[in-house]
Each structure stands twice: as C-alpha cells, then as structure tokens.
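Colleague: Listed here are the chains, written in short residue letters.
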Amino acid sequence: MLGFAKRIWSAIRRPSVHYSLGFLTMGGFVMGIIFWGGFNTAMELTNTEAFCTSCHEMRDNVYEELKPTIHYSNRSGVRATCPDCHVPHEWTSKVARKMQASKEVWGKLFGTINTREKFLAHRLTLAQNEWTRLEANNSLECRNCHSEESMDITRQSTRAAEAHERFLFTGEKTCINCHKGIAHQLPDMGQASLTGGHSSEAVLTEYLNTE
Amino acid sequence: MIKIHVIAAALVFALSGGAFAQEHVATLRAGAPLDEQGELPQIAKRLNTDLRQVRNYPEQPPLIPHKIDGYQIDINVNKCLTCHSRAAVGVSQAPMVSITHFMNRENQFLASVTPRRYFCTQCHVPQSDAPDLVENTFVDVDQVLEYVAGTKAGDH
Numbered sequence: 220m221l222g223f224a225k226r227i228w229s230a231i232r233r234p235s236v237h238y239s240l241g242f243l244t245m246g247g248f249v250m251g252i253i254f255w256g257g258f259n260t261a262m263e264l265t266n267t268e269a270f271c272t273s274c275h276e277m278r279d280n281v282y283e284e285l286k287p288t289i290h291y292s293n294r295s296g297v298r299a300t301c302p303d304c305h306v307p308h309e310w311t312s313k314v315a316r317k318m319q320a321s322k323e324v325w326g327k328l329f330g331t332i333n334t335r336e337k338f339l340a341h342r343l344t345l346a347q348n349e350w351t352r353l354e355a356n357n358s359l360e361c362r363n364c365h366s367e368e369s370m371d372i373t374r375q376s377t378r379a380a381e382a383h384e385r386f387l388f389t390g391e392k393t394c395i396n397c398h399k400g401i402a403h404q405l406p407d408m409g410q411a412s413l414t415g416g417h418s419s420e421a422v423l424t425e426y427l428n429t430e
Numbered sequence: 007m008i009k010i011h012v013i014a015a016a017l018v019f020a021l022s023g024g025a026f027a028q029e030h031v032a033t034l035r036a037g038a039p040l041d042e043q044g045e046l047p048q049i050a051k052r053l054n055t056d057l058r059q060v061r062n063y064p065e066q067p068p069l070i071p072h073k074i075d076g077y078q079i080d081i082n083v084n085k086c087l088t089c090h091s092r093a094a095v096g097v098s099q100a101p102m103v104s105i106t107h108f109m110n111r112e113n114q115f116l117a118s119v120t121p122r123r124y125f126c127t128q129c130h131v132p133q134s135d136a137p138d139l140v141e142n143t144f145v146d147v148d149q150v151l152e153y154v155a156g157t158k159a160g161d162h
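Residue numbers (this note's numbering), protein chains in the order written: chain D, 220 to 430; chain G, 7 to 162.
Isolated chain D, as found in the complex (with noise of 0.2 Å):
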C-alpha cells in the first residue's frame, strides 16, 4: 500500500515528458471547467421541484399537500418550490444539506416511506428534522423571500400586525415557531409536544413515576 503511494507521488514529481507546459495548464484549464460546471449543473438539476416530485413519495404526499396552499396557488401567482424552503441558497450550506440527503437516497432506496401509511408513521420525524433545521438557522429559508425589513405591517391584518410586533421584531421568536404546517399538513402536534418533553402530559407522567 505504502509502496504503491510512493510510486504515485513520483509519477506526479516527475517532470512531463511528452506533453508541453502549455497543453498541461490549458488541459487542466478546460477540465477543470468541464469538471466544475458539470458537478454544479447536476447539482442545480436535483435542485428542482421536478426532480423532487419525480419520486411518488414526494408527489403522492408532500406536493399534493402544497398545492392548495398560499405557497402554491395565490394572487400574484408567485410560487415557492420544492428547493426554495428546503434547501439553503449559498453555495457551502448547500452542498452540506445536499450530503445530508444521502440518507434520503437511502430511505428511497430500502421504501422508508414509499406508501402512504408509512409516510404518515415517519412524519412527526420528518416535520421534527425541517422545524430544527429552520430554528437553528433563524428560518432563513423563510427570511430568503419574507424580509423583516420590508415587511409593511400596516398592510397586515390587525391580529398578524401585533403578533409580528410583539413576537418577530423583538426577536423572542421565529417565523418556524408560529408557521408550522403553513405549507404541508400537520403531523400529531400532541405526539410532537410529548416529544418535546414540555407538555402537561408529560410533566404528568413524569409526577406519577416519581411517587
């Protein structure tokens, strides 16, 4: 193994012997754009809704569950896809979200949730990993269209109005805190607060152990 690194390294050492400096620069200059290029239009091209919806699991749940929504269908026929809520914009935060779904690859290939039943078992876990994810990064999928800044909230309705004051601008919360389920279906919110560990259930319970 060892032996084989070493013969290795002298290959690259090793000065060129039939191809000019010229070719080898310009080479790996094109390359190098090939290669680039390549890997971020393929990138780009799982960062579609019609890659996402291409899977039934996404289609048959999650899309169908969009439509009817205010992201999906509203006045001014601007929409958010798949990719805009889900997957951060800059280019690192991407790529580290992109090898998270490695293991999505994997529940696709062994049909963690390839029928509905399934799907419903697993959602509190799904909508958990999203509501963490925005809450640790101040739902900035969210703020990635919904600035504060330009938030006029004398256009809102009184009740939004005085919620975003108190609650928004002050920074005590987060759009994720309040918005749950504004875009898909709501998962068990009684099993979601149990698991949270701050329910009067399981405050109970933990009472009736101890005695």
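Calculated from the structure, these hints are not laboratory results. Bear in mind the structure is a predicted one, so any value in this text is a computation, not a measurement. A few of these clues could be false.
Unchecked claim - List of simulated lysine to aspartate or glutamate pairs, DMTMM-like, C-alpha gap at most 25 Å:
#1 G:Lys85 with D:Asp279
#2 G:Lys85 with D:Glu323
#3 G:Lys73 with D:Asp407
#4 G:Lys73 with D:Glu367
#5 D:Lys399 with G:Asp75
#6 G:Lys85 with D:Glu283
#7 G:Lys85 with D:Glu354
#8 G:Lys85 with D:Glu384
#9 G:Lys73 with D:Glu336
#10 D:Lys392 with G:Asp56
#11 G:Lys85 with D:Glu309
#12 G:Lys51 with D:Asp371
#13 G:Lys85 with D:Glu391
#14 D:Lys286 with G:Asp80
#15 D:Lys327 with D:Glu284
#16 D:Lys286 with G:Asp75
#17 G:Lys73 with D:Glu384
#18 D:Lys399 with G:Glu65
#19 G:Lys85 with D:Glu349
#20 G:Lys85 with D:Glu336
#21 G:Lys73 with D:Glu284
#22 D:Lys392 with G:Asp75
#23 D:Lys399 with G:Asp80
#24 G:Lys73 with D:Glu283
#25 D:Lys337 with G:Asp80
#26 G:Lys85 with D:Asp407
#27 G:Lys51 with D:Glu381
#28 G:Lys85 with D:Glu381
Could you slot chain G onto chain D? The hints should help.
Modeller: For chain G alone, coordinates are given in the frame of chain D:
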C-alpha cells in the same frame, strides 16, 4: 284565535302554492335558460376585521371575525386552539374557548376541550360580504321587548 288564522292562512297558501310554484321556482340559476350560462355573482370577500361581532341571541356561537383559510382541524391538530386554547391566550390574547366546551355530556368538566366540541367550524363560521340571498326579517330579543313595551304603553 290568532292560531286558527295562521293555520287557515297556511292551508290557503299550501293549496294555491302548487300552481304558483311551477311558475316561480327560485333557483340559483336566477332565471337563466338551461342551455346557457347565467351571469355569475362575484365571489364574496371574507371579512377579516378582527372585530368581534354582536351575537343575535345569547346562545349563538360567536362568529369568527377573521380568515381561517387552510386551518387544519383533524385528528392530528386543531389550528384554532393554537390561539384560543386555555394555555395559549396569554400569548395570543385571543378569546379563550368557552368553559362549556370542556364539559362532557354528563356536564363534567374535563381537562381540555371535549371531543364533541373539538370541531370548531361545526358551529363557528367566518363571514363574507355577500349580499343576502333572501330578505331576513329577524329581530333580536331586545327589539321584541321594546316592541312589547311599546304596545303596552299604547294600551294605557
């Protein structure tokens, strides 16, 4: 005496009604011929004033003075309760669901909203600015009392 008059009037209406109804059946087509598309009414706007409406009678379920588009109310979650539940009103400042909603059918108070009162929109509805389809002559009990007091005052 009044009762007999009412019954007689009803009988007369019922007997003559058959022929009358054939000529003037009120339908949503508003007189448009069957093979033609009638003029469609504008889709009414949902009222979103956030101002509580006066109830027409004390037992009336309060109207919802805001939009509830896309509110999920099913086995998993009740979106209304994220603001109107007992614990949430501190944050939301929304009116709490009535205490009657915690009572089961034996009038025992439960810890949370009873299943039979869980589906809010069975009784509570948002309003739109649509014009009335038929004339409504409803008067509330205050107006009835006023009328009674008025007629009594007239008697003396």
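Colleague: Go through the numbered hints given earlier and state which of them the structure violates, listing their numbers in rising order.
Modeller: 2, 9, 11, 18
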